[in-house]
Amino acid sequence: MYGEYTCLDCGKTFDDPKRWEERHGLDSPPYEDFSGCPYCGGAYTRTILCDACGEPIVGDYVKIQTTGDCYCDECFMMKSLGEDDS
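Here the numbering used here is used: position 69 in the sequence shown is 69, and no number is missing along the way.
Just to be clear, a hint being listed does not mean it is correct.
As the list claims (entries may be wrong) - Pairwise CB distance ranges (calculated):
| no. | residue 1 | residue 2 | range |
| --- | --- | --- | --- |
| 1 | 22 | 66 | 43 to 51 Å |
| 2 | 27 | 78 | 51 to 59 Å |
| 3 | 29 | 79 | 50 to 58 Å |
| 4 | 62 | 30 | 41 to 49 Å |
| 5 | 29 | 78 | 44 to 52 Å |
| 6 | 60 | 15 | 47 to 55 Å |
| 7 | 66 | 2 | 23 to 31 Å |
Don't read these hints as lab results, they were simulated from the structure.
Nothing here was measured: the structure is a model prediction, and the numbers come from that model.
C-beta atoms are modelled at their ideal positions from N, C-alpha and C, and glycine is treated no differently.
Produce the complete structure using the sequences and hints provided.
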């Protein structure tokens with residue numbers, strides 16, 4: 001089972017982002033609240049699973065407008081009109 005979120009930096013999936021508070025040396029609020037990947041502290045987004053292979057998408061992907069299906073860059077091949085079908 002994959003986590004609800006995917007890290008944009010390390011590609012790992014997780015359910016709960018790490019949260020921390022930066023006080024900047026102050027004794028009272030306002031403080032800055034941050035969240036990030038619990039593994040590397042990087043930015044994250046909701047996990048999207050590839051509709052072909054079921055793996056989390058961590059790079060480029062194609063979304064079919066009529067069905068909403070998403071395919072990772074391993075499960076589709078970009079072609080130009082007139083290219084050989086092989």
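How the hints compare with the structure:
no. : hint                : result
1   : 22 - 66: 43 to 51 Å : holds (45 Å)
2   : 27 - 78: 51 to 59 Å : holds (56 Å)
3   : 29 - 79: 50 to 58 Å : holds (56 Å)
4   : 62 - 30: 41 to 49 Å : holds (43 Å)
5   : 29 - 78: 44 to 52 Å : holds (50 Å)
6   : 60 - 15: 47 to 55 Å : violated (25 Å)
7   : 66 - 2: 23 to 31 Å  : holds (26 Å)
When each numbered hint is compared with the structure, a violation occurs for hint 6 only.
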